[in-house]
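Colleague: Chain by chain, the residues run as shown.
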Amino acid sequence: MKILKIEGDRANVSSGGVQRAIGINFLKNPKIGDYVIVHAGFAIEKLDTVKAEETLKLLEEIQ
Amino acid sequence: MKYIDEFRDTGIAAKILKLIEKEAKGLEPVSFMETCGTHTMAVERFGIRKTLPENVRLISGPGCPVCVTPKDYIDKAIALAEIDDIIIFSFGDMLKVPGTNSSLLKERPNGRVKIAYSALDAVEFAGKNKGKRVVFLGIGFETTAPTVAAAIRYAKKERLKNFFVYSGHKVMPPAMRLLAKDKLINIKGFLCPAHVSAVIGTKPYSEISERYNMPCVIAGFEPLDILQSILMLLRQARSKKAKVENQYNRVVKASGNIRALKIIEDVFSIKDSKWRGIGVIRKSGLALSGRYSNFDIEKNIDMPQVKTSIDKGCICGSVLKGVKTPKECRLFSKKCTPLNPQGACMVSSEGACAAYYKYRSGGK
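Keeping their order, the protein sequence lines are chains P and C. According to the numbering used here, the residues represented by the first sequence are 1 to 63, in order. According to the numbering used here, the residues represented by the second sequence are 1001 to 1364, in order.
Just chain C, with the same shape it has in the complex (with noise of 0.2 angstroms):
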């Protein structure tokens, strides 16, 4: 496919892989990590790990955003399919996701939760399905949020009274600014999101790179553009001048994507948010602004109170952080496998550990 095809070439690979062990050579052992699903899958997909000198680690962060989710969100989620009058519509990866005794899955027989491509679908459903209240599980970052807002214009413009969105959504650079001074992790070097930076631009990095004296490469989702932004961050690493640079720019503008963004800030307002295995990350969720109030579940019916289970065995929070590695939890690929997952990186494809169980990658 065209503009995906060349961004393949192994003859280039090849020449790129050169330069980055030449840069590489002599250097201290150096971490970088990317926080983006899709960077998770393609560096496991084409094998960019053991690829790389001995000396440069790369780590997945919490870019999954079906594996950030909190428990108890699931666990609400489920108990809301419960309430008779309501369908609950939600993206496709999010079922698997066990909660503390269900998961969204097996809440599907009863015909109550629906897949949605876009959260447009679900309004749509309840366009034509007045009696049914239809509330739409809003999971994902900025990239997604836009997204989700404009299905809520859309249902605004419509005065539906019987559609809802549960907002789980988050926000990337405050988490990356927790994972940028947390000296257990000690990255040296962000890659940075590819479509999140597509909606939120270059400038939210500039102030990381800055005071954590952090290389920052936004990088595109192909093995060339992963690989050359390894080599920019470790050029930068090696200069000690940290910067941000962007190697994605055919679709990533340094402003962001001005649409998007307004239409974010319009129907949402930030508030704290909780990441599984993480904890709270202080304004780096999105809630539904007072303006929309009406399509909040939340203020619309008294939330179903749940007891969520912490999670045993399951070290995703580290993973999440990229302060282990799946082969390092003992429930990976013996207890939790993708058809069988016990925590949420094994869930979604996106996920670090089911990425790492499809691909087996050398364990770097």
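Bound-form chain P, shown alone (with noise of 0.2 angstroms):
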């Protein structure tokens, strides 16, 4: 789920269209456009594109 809008420890996020408030208290610098986690209302870490980015690239490449 990608992050819209941030307003102290919630933050609005969307994913499909689906929009929803969740708690980002376990987040290292929340910024707006991150992809997150989430689970049980609460964003339990970010998701790291440029890791993302390499694991496809070694996923295409793999032998």
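Treat each hint with caution, since some may be false.
[To be verified] Here are the in silico distance ranges between beta carbons for each label pair:
#: 1; chain 1: C; residue 1: Lys1128; chain 2: P; residue 2: Glu60; range: 51 to 57 angstroms
#: 2; chain 1: P; residue 1: Glu53; chain 2: C; residue 2: Arg1330; range: 27 to 33 angstroms
#: 3; chain 1: C; residue 1: Glu1298; chain 2: P; residue 2: Glu53; range: 44 to 50 angstroms
#: 4; chain 1: P; residue 1: Asp9; chain 2: C; residue 2: Lys1335; range: 44 to 50 angstroms
#: 5; chain 1: P; residue 1: Ile32; chain 2: C; residue 2: Glu1298; range: 40 to 46 angstroms
#: 6; chain 1: C; residue 1: Arg1330; chain 2: P; residue 2: Asn29; range: 52 to 58 angstroms
#: 7; chain 1: C; residue 1: Arg1108; chain 2: P; residue 2: Glu60; range: 48 to 54 angstroms
#: 8; chain 1: C; residue 1: Arg1211; chain 2: P; residue 2: Glu60; range: 31 to 37 angstroms
#: 9; chain 1: P; residue 1: Glu60; chain 2: C; residue 2: Lys1157; range: 45 to 51 angstroms
#: 10; chain 1: P; residue 1: Ile6; chain 2: C; residue 2: Glu1210; range: 38 to 44 angstroms
Note that these hints are calculated values from the structure, not bench results. Even for Gly, the Cβ is constructed at its ideal location relative to N, Cα and C.
Two chains, two separate frames, one set of hints: put the complex together.
Modeller: This is the structure we're talking about:
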């Protein structure tokens, strides 16, 4: 899910057109545009897009 | 969706499967275990089990939080719901779990059992309904525990005197240690949970890997994640050198989520805990720590005494340990279906029996 708006320790996130409010207490420096993993109403971690691209590249070249 | 669809590419999946076949060739039969409900679902949903070579067996362990919650916990939760001024809040999949005589779902018509998406829903309700005692059923592993801990801290900040948690929280590594040394199950590698690991990091697995010479790969949820992780496990098994690898490093950091770990440590303390079908595992549960005892229902009420019956015919325990597959249970898909579950493994969509029933795996 992607962070759209931040207010204190709450944020609005969206995924596939669905929006919801979640807690971002556990995130370090959350920013608008961050992809986050959401569980039971809270973001439990950010998704590192650089690492995601690295994994995808590795998968494409896997041998 | 971004960073989901890319990890479902069928062309790459076919390529990894070829590599898996190559690595598995001539290898003694191996069993790998996943211990995460979301992996259980993904493995069935994408039909991964049947695409694997004959000698590579993937088994589902005790990764579904609802399934490992003991029956007497359910019975006590139902008994709490029968107390006049108590309102129970629970994650939805707990509701259908059969207790000895009833389920929370059957208690719902009287309005005393409500579904929560987050523990904060219960805190909010308590704030608006001061005449009621609100009890949140805290079920889940290290991924859920910090969210419930955060809710408890909100309740403390708001000085709520009518919000309580009935903690059935569990931690995963002690169960994995127990399974690692079980000769009957004879696991040759763990597909470590994704979101639990996002919280606890890679360190808890190092000890398991070293002590039991057990390959451990932290795996994401998408088909390519799971296949790549199986390939990594096979390569470790072949080289006979066990280590911890992190396939899901786009989310899981070696250190875990320090903020989430700190809040767990602040609000909870470790205790022994009973797992349905497995028994008591030392230091595998989380109780509210003394500082937060005002919010611990077990410390603020004489807990109802219940008589819990033993499951008859249900082999949920053996399924949770990966010793038996759902198909080996004589109740499976006959007396026990998702609409009429006899045991917890059929209740939660993350349960091995429910996932198996829904997607009808090849049965390997």
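Colleague: Failing hints, ascending?
Modeller: Number 2 - this is the single hint that the structure violates.
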